[in-house]
Each structure stands twice: as C-alpha cells, then as structure tokens.
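So the protein lines, in turn, are chains A and B. Numbered according to the numbering used here, the first sequence spans residues 1 to 791. Numbered according to the numbering used here, the second sequence spans residues 1001 to 1223.
Simulated from the structure, these hints should not be mistaken for laboratory data. Some hints could be false.
[Said to hold, decoys possible] Simulated DEER-style distance windows between Cβ atoms:
1) Glu291/A / Arg1002/B: 43 to 51 angstroms
2) Tyr240/A / Thr1202/B: 35 to 43 angstroms
3) Met613/A / Arg1005/B: 40 to 48 angstroms
4) Arg1005/B / Asp257/A: 46 to 54 angstroms
5) Asp776/A / Glu1136/B: 46 to 54 angstroms
6) Arg1005/B / Thr116/A: 33 to 41 angstroms
7) Ile1026/B / Gly569/A: 18 to 26 angstroms
8) Asp1124/B / Lys40/A: 36 to 44 angstroms
9) Ser589/A / Asp1124/B: 38 to 46 angstroms
10) Asp597/A / Asp1029/B: 16 to 24 angstroms
[Stated by the list, open to error] No farther apart than 20 angstroms at their CA atoms in a straight line, the calculated lysine to aspartate or glutamate pairs in the DMTMM-like style are these:
11) Lys745/A / Glu722/A
12) Lys372/A / Glu1092/B
13) Lys671/A / Asp750/A
14) Lys233/A / Glu1128/B
What you are looking at is a predicted structure, and each value in this text was computed from that prediction instead of being measured. All C-beta atoms, glycine included, are put in the ideal place defined by N, C-alpha and C.
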Amino acid sequence: MDLRKFLEDRFLVFDGAMGTMLQKKGIKPGELPESYNIEKSDIVYEIHKEYIDAGAHVVTTNTFGANRLKLAGSGYSVEQVVKSGVQVARRAAGDKLVALDIGPIGQMMEPIGLLTFEEAYEIFKEQVIAGRDGADLILIETVSDLYEAKAAVLAAKENSDLPVLCTMTFQENGRSLNGTDPLTMVKVLEGLGCDAVGANCSLGPDQMLPIIEQIVSAASIPVMVQPNAGLPKVRDGETYYDVSPQEFVSQVRKMADMGALVLGGCCGTNPEFISCLRGELENVKPLPLVEKKLSCACSSSRTVEIGRGVTIIGERINPTGKKRLREAIKAGELDYIISEAVRQTETGAQVLDINMGVPGIDEPDVIRRVVKEVQSVVDVPLQIDSSNPDAIEAGIRVYNGRAIINSVNGKRESMEKIFPIAKKYGASVIGLTLDEEGIPATAEKRVEIADRIISTAKEYGLSEKDIIIDCLVLTASAQQADVMETLKAIPLIKEKFDVKTTLGASNVSFGLPKREIINATYLAMALSYGLDAPITDSTLESNMQVIRSFRVLTNYDERSEAYIAAYGGEQAASVAAPQTSGEKRSISSIIIAGMKDEAYTSAKELLCEREPMDIVNEELIPALDTVGEKFDKGEIFLPQLIRSAETVKMAFEAVKEQIISSGSASVSKGKVILATVKGDIHDIGKNIVKILLENYGFDVIDLGKDVDPKLVVETARKEGIELVGLSALMTTTVKNMEETIVDIKSQLPDCKVMVGGAVLSQEYADSIGADFYAKDAKGAVEIARGVFGAS
Amino acid sequence: MRIYRNEVLRYLRCYNEELLDSAISIMVDECIAEIGEIARESSTYEVFEISGRGEDYVELGDAGIVLRGRSIAEHLADCDICAVMAATLGGEVDRRIRTYSKTNLTRSIVLDSCATAGIESVCDICEESIKELAREKGLGTNFRFSPGYGDMPLDVQPQILRALDAYRRIGLTVTESLILVPRKSVTAIVGFTKSKERARRTCAICSMNGKCEYQKRGMTCGS
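Extracted from the complex, chain B is given alone in its bound form (with noise of 0.2 angstroms):
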C-alpha cells in the first residue's frame, strides 16, 4: 500500500496546500505512517464467467451474483469473463478513527482521509494482479466498477461477499443496510476484455456526478 500525500490533500479538500499550516501538515505525515501500521490490508478475487446477459443484467451464474443495470451491463459489453474483487483496510482502522473522533477530531478527520486514499492503493494493487492474470489470457482489463456506480444498485453486496467468502478470507461483512464494513473497504467488478485498450472511468457514473466540489472548480478527483 502506498498514501500519496497528494490524494489525502484532496480527500481533504485543500485545494492549496500552501495555506496549511506546519501542524497540519505534520499531522498529514503523521497519519500517513499511523495507517501504514494500523492497517491490515487485503484483498480478494475470483474470475467468473458471464452465463447471461440482457440490457440491464450480467449474470455470473458460478456467483450467484447477478449484476443489475444499464452502466454494468454496458462495462462488460465486450466481456466473456470478469474478476469480483474485495479489498479492506480492516477493523483496527475504523476503530482509530473512531477513537479520535472522541478524542482529537482534526486527527480522525486527517486519518479518516488517509485511510480512503489507502484503500484505493491496496485496490490498485489488488488490480494489478488481476491485470496480470488478463494478460496471461491475452486479454485486456477495464476499469473497477463498483455497486453503487452508475445504475448498479448496492444490494449486490451481500452476493458479492458470499460469493468471494470475502468474511473468512479478508475479514469483510456488508449490514443490512448494504453498507462495507469495516469501512474502508471496497469491492468491483473489473471485466476481461478483448482488446487491450484500457477503459477509462468517467464521472457520469459516480453518484456525486453534478455535486461535486471538483467539477464545480473545473477539476476532476482523479479517480
């Protein structure tokens, strides 16, 4: 896993770094290092093959997952396979920043920030082992897609866990209300496809399409 202190800045909102004052900006080092050591990162995956599909499904039948929606079905238009993936940062992280926000809110919210751009990099390594076994396969990759994206409703969460045994490898659970926990944790389809140009992620499919502060200041998150 690896923070960049950039992407914190971001999850942060400080669009002008210069403006931090020395404290916060050790504090931004300090909480890099502290998820370093609290976070127990790991992920998951498995390849599935696509037993059906219409306009607004995908179903990988082996699963027992079906995917709903135009956005997913359209990701995995020019798919016979994809990889079902789940990263976490695990439990401890949480449980920090939850102790700070008791304790020391700037701190949880500083760590808060660094532990989202860790989950992202343990995703990108997750990624690229999947990448790897594609090209193995002379296939290519798209991007991750997650539930959530787009139309792809969040309630496939609990079929994505099951599917991945993703409680017993990696420790991760969903609630009733379809949220990852622990929290820093993500999963995603990424689809086999067969050429190897690589799909890049728009922000017509996140759900702060419209909302966010970045479009607002002609930028993009960078995700």
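For reference, chain A alone in the conformation it holds in the complex (with noise of 0.2 angstroms):
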C-alpha cells in the first residue's frame, strides 16, 4: 500500500488490543495467544471483525509473539502461527488492511543479555518472510530495546517491500525501559528507513502525550500512536485498565492535532475505543508532514546535534602512529580499546572516531567487534572510519544508533560505494575535499568539490543536514603557505550549504616540535572561522581549554557554568600547579594501599632504572603476595584486594608500553585462555582470575562471557593454549562446562583445562573432567604456575 498517499488527507486508524480481549474471552494467563490462530481461529477472526465493524482502517494480526523462541515447545512452527494468524486477519479485514505484527522478542540483547544482533535479526527475518504474503504493513511494536528496533526494521526492509512501522514502548520518565529518548528513536529508525515511527503499550493516554509532542516535533515521516486504556491498575492481584474509551479518544486527539497521523490502541481498549475514535476523527484534517532539519549522530540513548556548542569528535581509537594501540588491534586486546573510549569521554568527547586500520588484520570482522564493545560499555555516538567500505558497512550494521561515517571523498568510485551505505543505515557522512586530482590548493576548488559531493549525496536520497565536510588539514611543517587556504573554505561552504563541518585537527602540527602548542591555536583559529565538529583529542587539557573558553566566548556556556567547574574552585589549582606533595612512595606501597593513579608513573620512573622482568620480579609480584597474605588472614577484603590488582595491573600497563616501544624481552610467563561458558553470564568470578593472573604475568586471552566451546577450542589452537580456564556458576551451565572441556581434550589432548565457579568442587571438578579445580583466584594464579612452571 501507499502509506504517504493514505495519509494525505485522512488518518489511518489501527484497532485496539487483541492481548486483553483475548483475555475477555477467556485465555489463560499460561496460554500461548498465538496459538489460537490455529486451535480457536474463530475467536481471533471474531476480535478482528469487531474491530473492522467499529471502523477500523487496519486490524494487526494476532502473532505478537510468535517467534522461534516463544514457540519453542508450543508444537507449532513460526510459518505456521504468522501464515495462520495472516489468514485469519485476512480474512476478517475483507478490503481493509492487515498489518504483520511484530512484538519483542523476549530476550535481552547482548551485551547485557545473550541474544545477539545477527541472532535477533535471523529471528525477525523468519516472521516478516511467512507473514509477508497477504499483509499489506508491517507493525514493529512494543520495543523497549532500541537495538532490537533496529535489527527486526532491517529484518523487515531486507525481505518484503511492505511499508515498515515501528513504534517503542516508554516509561513515565520519559525513556524506554533501555534508556532510549524519544528525539533518539526517530533519528534512529527514520535514519533506517521506516515508514512511519512512534510509541504503544506501557502508558496511557496522558502519560504519552508529552512523548508524542517530542515525537513529532523531531519526526519527518508519519507518527503512530497505540496508547494502553491508562497505566495498568492491580487489584485483588489481577490487572485492569481504567481509562473510558471517551477520555481515552479525547486525549488521543491531542495527539492528531499535534501531528501523529496513525492512531489506535493497545492494552485495555477494546473496539469501542476504536469506533469512538473514528467518531472524532470524522471531520478532522490531519496536518501535512514537516521536514525537521537535525544535523546529528545517535548512540541508543542519546543524541548529539552537531555543531551545538562545538562538537568533540574524540580521535584517540586510531592507530596511526599509535604503536601501543596497533598493538591492542593485533592483539584483540578490547579492553585496551575501552580504556581509550571511556578515557576520551570522561575528559570531554562527545562522538567517539573509530578506525581499525591496521594491516592484516580482518578489519570489517575487528571493526564490528570493536563497536559492539565500545557501544556497551560508553554512551556516546561513534563514527565509523576507514578506507573499506566493507568494514565501515560491517561497523554501521552493528551499530545500535546513528552513526557517522569518515568518509566519503570527491572521487565517484569512493561515493558509488559510500552513499547507499549511508542511506540505507541512515548514517551521516564526513565529505573530504579532495578528488580524482588530489586535495586542492586553494579554498575556491574545495568548496567546488565539496558542491559536487553534497549534490551526489541528494542523487542517493541523502539531505545537506546529513553531510559533514572536511576541508582537509595541511601540516605547517610541510605546506606552511597553504595552511590558511583549508580555513578559509570553512565559512565558504557553510555560506553556501546547510552542512556542519569537520576537521581533523591534530594533523596540522605533525612534524613540529611541542605538538600541543599549535594544536591549540590552530584548533581556536578554526572555530572561530565556523568549524563545527573538530577531530580532536580531548584527553589533552590545552585542547580542551580552548574549546571550552570558545564555549564561553560565543555564550554557548551559559554564566560559564561549564567553563567554572573545570577551572574555578579547586580544580584551579591542580590544574595551574600539579602536585609536588612530599616524599616519594615506593611502587610497593602504593600497590598495597591500592593508590591506582601513582602506579603507572611510578612504574614509569623505576623502567629508567631497571629492567621490565625484574620490576615484575622484584616489586610488583612481592607486593601482590603480601596484598594476598593480609587477604587470607582476614586484614583486608575483596575490595581492597581488587583495587591493589588494579593499581599492579596500571604500573603493568608502564611495563607493556617500555616493552613494546623498546622490542625488549617479553615479561609473559604463559598465555591463558578465560571463558565464562556457554549459556552462563556471571563474569566477576573471571574478572577477578584475570586480572590477578595477568598481575603475576601470564598473557590472558579473555573470551568473555556465553562462550562457545568451538571458539575456546579455536583460539586455543590458533594461540598455541596449554591453559584454559573456565567459569560456571549456575548447575544449569556446569553441563556446557563439562562439553567445553570435552571438546578441548577430544581436540587438544595436551592443553590443560582449570574450572572454577560457585556450585563447582574438586569432586565435581575431577567427574567433568578437568584438570584442575580452582577454589578462588590465587589457587588459579597457583594452578597457572604449576602449569608454566614459574616461580
């Protein structure tokens, strides 16, 4: 069907629940709803028509839930539910619409729960295939996960040309049970292509009001509605809903006059709430769709306006000229990778660069891996940057947000490949100013080149609100005469377009002594001539102090207040004078009283003295015992043992860096594999087993949680392992435990296999075949010792 042209002149008017009125007619609580498309057919076609009789345009057919998982042990296949539940609809809806219903799919999505990305996509895809055929809409409904949004809207545009709807579910505070902001969702899922975006269930008609004004002031295409009969009530533990159908249709109105041109209902109403509705609506005009111009990038929970302000795009996570970094990248070290994300947003970044472009490595592979981590642990957007247009496709698919992509340049092979990813994802895109011939000397042709990617880009669909131009940064050092000509374009094209522009700014100072000093100027220079968005590293306070005194000067930083607690009051001080305090303390000491932020430079000052090995030797690891006697005798507790590992493993961090900056030996006493098994999500217990063993020096390969015996046994070949360990703390997950080691000894008879977890023992150890049962941490480092037969 045509939506937009539907919805030209008149609304278009969904039914209401189908949960409820099943409930009416007498479901169980333990019942499977689906399951009466096949066994009671008639009560479902009986709902449909009622609500097809009370006017509505389009009944929504009864399969929710029905997905492989919910059905799992129903008896039925997904085909066979979503085909009969299709039927059904259709046949009850004679003229008027079947929309495919699409619920939750009632796992949480990684990284908090197991279900991944590509899994719930798969899940979704075999919906919208058997439903597709005699549906005209597919309804998206009842999200609370902006992540699964996402996968089950690709799922839908992937494989049917039906028009796509999707709306979320939000709490009283504003944001969906995952944290997402209205103003997010519609950036997000209009970016991916849906037809018509908005909220259903959880809240009744008042609460949702302020959620749809937010809505539909930020949305360019339809907004739908689906409010419950009020906020659900208990009462003699049963639910019930209590809002009238005439308050319900009033409020509901508010709603149209505001904007939201598909409307309806969802728990409680019944089809007098729909004819009502129709009723009101009889001789209402709905209003015309607005295009909303927002320049921004979105990460689940938050939306970035770029150019508000001054935009900070940290470009710490790129390896160019980053030895320690490209290191981490070959490494598959993510945790290195964090530190830098997490570290670039404490101190200020406000979108996160990401580039894995280190030679040799599967870099669309690393790169999704890379943003699924970074995207669960920071809560800022992330732009996705390399020179592959499949890795930057494979990072932009993985991406729960909207996303930026660094770039697209002026050559039209680079935008034939660039664009369609952008459009399709619903990605902004940094546009370089060079081409075919290079980067231009002069401002003038840059700005031609930057009209020629800006026009491409709307020849693929893309608006000038989605482009960010880059006028490309020359090095003082080496073509000092044209420094001033890649300034000069900024407000040339800014004049011209409704584009935000960007620049990586760092660039400017490569080759000269003291980097920071015309970083800074150049950075301050630049804003003042419009740059919107500079390519930065936040973790360098000059920078940081000129963007933020920018922010005062141009009366963005309201009565200074941000400028003020950075700067004033204490935090002055330190700043102006760092600490000098006292005497010095010895690395050991401060590994015992866990004082983190002095072991690195502490470490750092003894690596001029003496040898990595024998700092690790000779200090860290004497220190680590002693934290572990004054532990076992009851003088400190978990968390004070944990910090002093901590504070080793940050004047471990100095150690690394010498060692890989010099090429000198190694400190690895042996590399250990670490998994949580299959099906079992507790971590600490492993968290803590690593960190202590890379305290006493062992190499660990972290495979995290959920792990699937084929990967333990791959990297263990693939490393060379004669050590792994794994965790299990659920009796329900020991069996996968035992199967990890089976498959280990079946394929790798001489690695050894650790096991420990809260309902393990030594019995249990020995009678699923492990090799060693660790009973807490240090009998792991022990076990890890006696393996590599260290001191």
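Two chains, each in its own frame: build the complex with the hints.
Following this line, the structure appears as structure tokens:
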C-alpha cells in the first residue's frame, strides 16, 4: 500500500488490543495467545471483525510473540502460526488492511543479555518471510530496546517490500526501558527507512502525550500512536485498565492535533475505543508532514546535535602513529581500546571515531567486534572510520544508534560505494574535499568538490543535514603557505550549503615539536572560522582549554557554568600546579595501599633505571603476595584486594608500553584463555581471576561470557594455548562446561583445563574431566604457575 | 528501595568494617547512591489458586505453572492460594556493573553488592503488598520461595515469567540456561497461610548450604 498517499487527507486508524481481548474471551495467563490462530481461530476472527465493524482501517495479526524462541515447545512452527494469523486477519479484514504484527523477541539483547544482533535479525527475518504474503504493512511494536528495533526493521526492509511501522514503549520517565529517548528513537528509525515511527503500550494516553509531542517535533515521517487504556492497575492481584473510551479519545485527539497520523489502541482498549476514535476524527484533517532538519549522531540513549557549541569528536581510537594501540588491535585486546574510549568520553569527547586500520587483520570483523564492545561501555555516538567500505558497513550495521561515516571523498568511486550505505542505515557522512586530482590548493576548489559531494549525496536520497564537510588540514611543517586555505574554505562552504564542517585538526602540527601548542592555536582559529566538529584529542588539556573558553566566548556555555566547573575553585589549583607533595612512596606501598593513579608514573620512573622483568619479579609480584597474605588473614577484604590488583595492572601497563616501544624481551610467563562457559553470564569471578593472572605476569585471552566451546578450542589451537580456565556459576551451565572440556580434550589433548565457580567443587571438577579445580583466584594463579613452571 | 550498608558489606564479605579504609568506605556509600540513581526497580505479582498437588509438586492451573519438588510442596502445604512474584532493578544496573568491570573492577564489585542488597529490598516491598492482600483476606503469608531453593528446579522460570507477562510489565526475561536477565532480578512464590505465624527461611533450603562462608564462621547470611 502507499502509506503516504493514504495519509494525505485522512488518518489511518488501527485496531485496539488483541491480548486483553483474548483474556476477556477466556484465555488463561499460561496459554500461548498465538496458538489461537490455529486452535481457536474463530475467536481471533471475531476480535478482528469487531474492530473492522468498529471502523478500523487496519487489523493487526495475532502474531505478537510468534517468534521461534517463544514458540519453542508449543508444537507449532513460526510459519504455521504466522501464516494462519495472517489468513484469519485477511479473512476478517475484507477490503481493509492487514498489518503483520511483530513484537519483541522476549530475550534481552547483548550486552546485557545473550541474544546477539545477528540472532535477533534471523529471528525477525523468519517472521517477516512467513507473514509478508497477505499482509499490507509490517508493524514492529512494543519494543524497549532500540537495538532490537534496528534488527527488526532491517529484517523487515531486507526481506519484504511492505511499509514498515515501528513503535517503541516508553516509561513514565520519558525513556524506554533500555534508556532510549523519543528524539533518538526517531532519528535512528527514520534513518533506517521506517515509514512511520511512534509509541505504544505501557502508558495511558495522558502520560504518553508529552512523549508524542517530542516524537512529532522530531519526525519527518508519519507518527504512530497506540496508548493503553490508562496505566495498568492491580486489584486483588489482577491487572486492569480504567480509562474510558471517551477519555482515551479526547487525549488521542490531542495527539492528532499535534500531528500524529496513525492512531490506535494497545492494552485494555477494545472495539468501543476504536469506534469512538473514528467518530472523533470524522471531520478532522490531518496535519501535513513537515521536514525536520537536524544534523546529528545518536547512540542508543543520546542524540548529539552536530555543531551545537562545538562537537568534539575523539580521535584517539586510530592506530595511525600509535604503536601501543596497533599492538592492542592486532592482539584483539579490547580492554585497551575500551579504556581509550572511556578516557575520551570522561574528558569531554561527544562522538568517538573508531578506526581499526591495521594491515593484516580482518578489518570488517574487528570493527564489528569493537563497535559492539565500545557501544556497550560508553553512551556517546560513534564515528566509523575506514577506507574499506565493507568495514564501514560491518561497523554501521551492528551499531546501536545513528553513526557518522568517516569518510567519503569527491572521487566518483568513493561516493558510489559510501552513499548507499549511508542512505540504507541512516548515517551522516564526512565528505573530504579531495578528488581524483588530490587535495586542491585553494579554498575555492575545495568548495567546488564539496558542492559535488553534496549534490551527489542528494541523488542518493541524503540531504545536506547528513553531510559534514572536511576541508582537509595540511601540515604546517610541509605546506605552511597553504594552511590558511583550509580555514578559508569553512565559511565559504557554510554560506553556500546547510552542512556542518569537521577537521582532523591535530594533523596540522605533524613534524613540529611541542605539537600541542600548534594544535591549540589552530583549533582556536578553526573554531572562529566556523568549524563545527573538530576531530581532536580530548584527553589533551590544552585542546579542552580552547574549546571550553570558546564555548564561553560564543555565549554557548551560559553563565560560564561548565568553564567554572572545570577551572574554578579547587580544580584550578591542581591544573595550575601539578602536585609535588611530600616524599615519594615506593611502588610496593603504592600497590598495597591501592593507589591506582600513582602506580603508572611510579612504574615509569622505575623503568628508567631497571629492566622490565626485574620490576615485575622484584617489585610487583612480592607486593601482590603481601596483599594476598593480608587478604588470607582477614586484614583486608575483597574490594581492597581487587583495588591492589588494579594498581598492579596500571604498573604493568607502563611495563608493557616500555616493552613495545623498546622491543625488549616480553615479560609474559605464559598465555591463558579465560571464558565463562556457554549459557552463563556471570563474569565477576572470571574477571577477578583474569586480573590476578595478569598481575602475576600471565597473558590472558579473555573470551568473555557465554562462550561457545568451538571458540575456546579454535582460539586455543590458534594461539598454542597450554592452559584454559573455565568459569560457570549455575548448575544449569556446568553441563556446558563439561561439553567444553570434552571438546578441548578430544581436539587438543595436551591443553590443560582449570575450572571454577560457585557450584563447583574438587569432586565435581574431577567428574567433568577438568585437570584442576581453582577454589578462588589465588588458586588459579597457583595452578597457572604450576603449569608454566614459573616461580 | 532501601539499601543497607551492612548488607552491602556482608555481600562483599567484609566481616569487620573497622578494617576497611576510607576510600572503600566512601566507595560503598557512593555506589549505594549510584544504584539509587540508575535502578529502575519494578515488581509485579499475581495471586493464583492451587489447583492440584502431590508429594513433590504443586499445580497452579490458571497460571500454567507446575512447581516441582518436595520443598515447595511442603512450603505450600497449608495454602489454597499463593502469590507468584517477580522483581527487577532493570538493565541499566547490569550495564553499569559491566562498564565498571572494564574500567574500575573494584567499583564494579562494590556496585554489584549494592545491587544485590537493592533487589532484596525491592522484593521486601513487593512482599509487603502481598502480605497486605493476605491480611485483607484474613490470611497470613510464609516467606519468599524462589526457584533454585531446596529441590525446586530453575526450569519453572519461563512459566513464571509467562504467567506474569513479566517481559511486558517489568522488562524481565530468562535465558535458555534459565538465568534471569536483567541479572538483579528475583522470582518467588509466597504462600497464603491459614495461620498468621510467619515461617522462617532456613539454611536447609539454600544452595550454599554446607559451603557457606557465614556458616563456617558460625554466622548466618541473615536472609
């Protein structure tokens, strides 16, 4: 159907609740509603028919939970349930429309739950394929997790030609259960090509009103609303809804007056609500759609408007010129990348650039894993940075939000590859003002290339608000005379087009000493030329000083609040004069006291005088042993033990950097794999074992939680691992531990396995074929020392 | 929700508070406040009639739930109806604990313990309203009995969540390996008893019975 055409002069009225109607007709809480499509299809038919008779333009199939996970054990396949659901709706609808209903899967997605984005996509795809014939629309509804919505929308778009409507569920605090706000939902789902976006369930029309207001003011596409008949109330242990059809309709009318175009009801509503709604709307004209222009990037819980008060794009997750990061990427050391992400957001970065450009790696795969990991820890939007279009698409596809692509340029080939990706997933794109002939020398030529990029982007259905132009910094050491041309181009471009601008500002100082001085000055200059979003290092205070003061002087930081918070009072003293207090503490006392912030510097100082290996063996490990003894004696407790372990880790980081930069002998005492077994998500124990093993000089490959036995075996084989540590906390997952051990032993008979976890014991460990039982983290260290024959 | 410092220290196995240094002590207070900020605590329950029972099972026909095991049969021996409840702190707590596990492991562990104390408190509050309902009916209640206690298997979790429509109401799910997600969540059965006496939970039904650090020290965990 042509949804836009339908909505030109009238509202589209959906039906009301299915679930609460089935309850009225006698379904029990334990019954599977979707089984009624097959077993009691007359009841489902009746409900649809009542809604059609009440005046609904659309009936929604009884397939809310018809996914393979919820149907498991029901004896019915997804295809059976969905097809019969569509058929019965079709029969009742007559010449009216049928919406294929898709509800949430009912499992929490990664990183909190175990359901991966790829699995979710497959589950939705199966529903779409089963229901696309016979349906006129696809309705994805009651979603709390934006990530799940993204998987469902992609599955619907990639496997059918039907219009896709998607509504999420919001709480009274104005966010979805997973923390998504209305603006972010709109920007992400609109970007993915949804035909309508909105809210349903959870709230009554009163509470939903402010949410709809936000959605309508953000959306350029039709807005859909299906409130409950009030907030659910409980009487005698039973749930009921108490808003009358008249009250309901008067509130929904307000939403229509704001601009909502697709209207219906959710839990607790019935045909009477729909008939009242149709009556109310009889002579009302819908508001026309208005294009809302906003240049933005979104994480799942935050929308950043590009250029509002200078948008800082963190540059540090880019291996160019960074040995330590390059090593981390090659070794799959995600923790290091995470720590860079966190450091940047803590210091003020509002978007993070992610570049994994290291030769010899599978870049799409690495970027996919890094995007998933980074988005699970920080809540700022990401910018996917690669010269490989496959890597860009891989990163953007699994990104839970609306990303920025870095970058496209004026070459035809580049635009042909990148713009379709940006359009399909809804991303902003950085356009570099270079083409087949390289970087032009003059500002005017750059404007020409920008023009070409912008007009080509429009051919692909993108708009100016989706484009961020990079006028390309030249290094002052090599092309001093041309440095200003870059800056001159910024206002020229901004006058001519409604686009934002960015610059990889730190490149200007390449090859000069004290780069931060040049960088800060250049940043200040670029900002006053109108630069919106510098790609820069937020961890460098000199950059942040420029940006914070710029925000004051441009009247963005009102009453200088952020500036004063950063530099007023006590903070000021520490910025002005770094502490040089008292006598120096030994690294051992730093470790025992758990002074994390001082360990790194202290180790750095020691490294000037002593060999890395000596420091590990003569300082770090003895200090740790002392901490361990205190713990055993009950003089300190778990939090203190862990804090000391983290302190050692900081010192180790200094040691590692030294080794990488000097190429001196590794201090590794052996490489150990750690994993929480398949099905299990408890990883505190594993994390404690990990940090202690690292403290004692072992390299740990942390495969995380819910780890497939295959991955353990593959990694062990690839890395030539002699010791694997497995953790399981549940009686239900110990069987997966046993399977993993069987797999390891059958394929790598020389590899030893140690196990640990609350439900395990020595006997249990023996019975499932483990070589060792680690009672606690210290036990695991002893085992590792034994296996590797270390002191 | 009310998180008691003592409880948190108990979960952290700090048996002697005097030995904690001020940094950790402050961190405990901060984490208690942090859980207060990020938790989206919610709970739900419904009351069901016991439709059938045997030595080692209890059936709640309307709910589509069969509770298996001798211990639950015993727990509900005196009851004609019971409440099935579920409570959670929401996913942000999991996310935050996970984030800290990458950036500040100590804080992650402290926050985890605060969350454990928090969910217990949310359960207490939910149980209060169940008790209130029982009182109105002239009945008493016994203690919260969760899957995994005694010999009641965990595989009843999906049935409980379905009967309570827990995903839709409070965003609670269960994995294939029967772990509740968000992690800081509880399901439980509370029996409506004819006697007003409140039965106590004992170590006998606990999965840690015999392995418990408190027992070794001659203490109890207090739950």
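Between Asp1124/B and Lys40/A, does the C-beta distance stay in 36 to 44 angstroms? Check passed, 41 angstroms falls within 36 to 44 angstroms.
Looking only at beta-carbon atoms, does the pair Met613/A, Arg1005/B fall within the given range of 40 to 48 angstroms? For Met613/A and Arg1005/B the Cβ distance comes to about 43 angstroms; the hint holds.
Do the beta carbons of Asp776/A and Glu1136/B sit within 46 to 54 angstroms of each other? holds, 49 angstroms
Consistency of beta-carbon spacing, Thr116/A to Arg1005/B, with hint 33 to 41 angstroms: holds, 38 angstroms
Tell me if the beta carbons of Ser589/A and Asp1124/B are separated by a distance inside 38 to 46 angstroms. holds, 43 angstroms
Starting from the range 43 to 51 angstroms, see whether the pair Glu291/A and Arg1002/B falls in it by beta-carbon distance. holds, 50 angstroms
Holds or violated: Lys671/A to Asp750/A, with C-alpha atoms at most 20 angstroms apart: holds, 14 angstroms
Does 35 to 43 angstroms hold as the CB distance between Tyr240/A and Thr1202/B, or does it fail? Because 38 angstroms falls inside the window, the suggested range holds.
Evaluate the given range 46 to 54 angstroms for the C-beta pair formed by Arg1005/B and Asp257/A. holds, 51 angstroms
Regarding the pair Lys233/A and Glu1128/B, is the alpha-carbon distance no greater than 20 angstroms? Judged against 20 angstroms, a Cα distance of about 17 angstroms means the pair holds.
Pair hint outcome, Lys745/A versus Glu722/A [Cα-Cα no greater than 20 angstroms]: holds, 12 angstroms
Distance restraint hint 16 to 24 angstroms, applied to the beta-carbon atoms of Asp597/A and Asp1029/B: Since the Cβ atoms of Asp597/A and Asp1029/B sit about 20 angstroms apart, the hinted range of 16 to 24 angstroms holds.
In terms of the numbered hints stated before, the structure departs from none.
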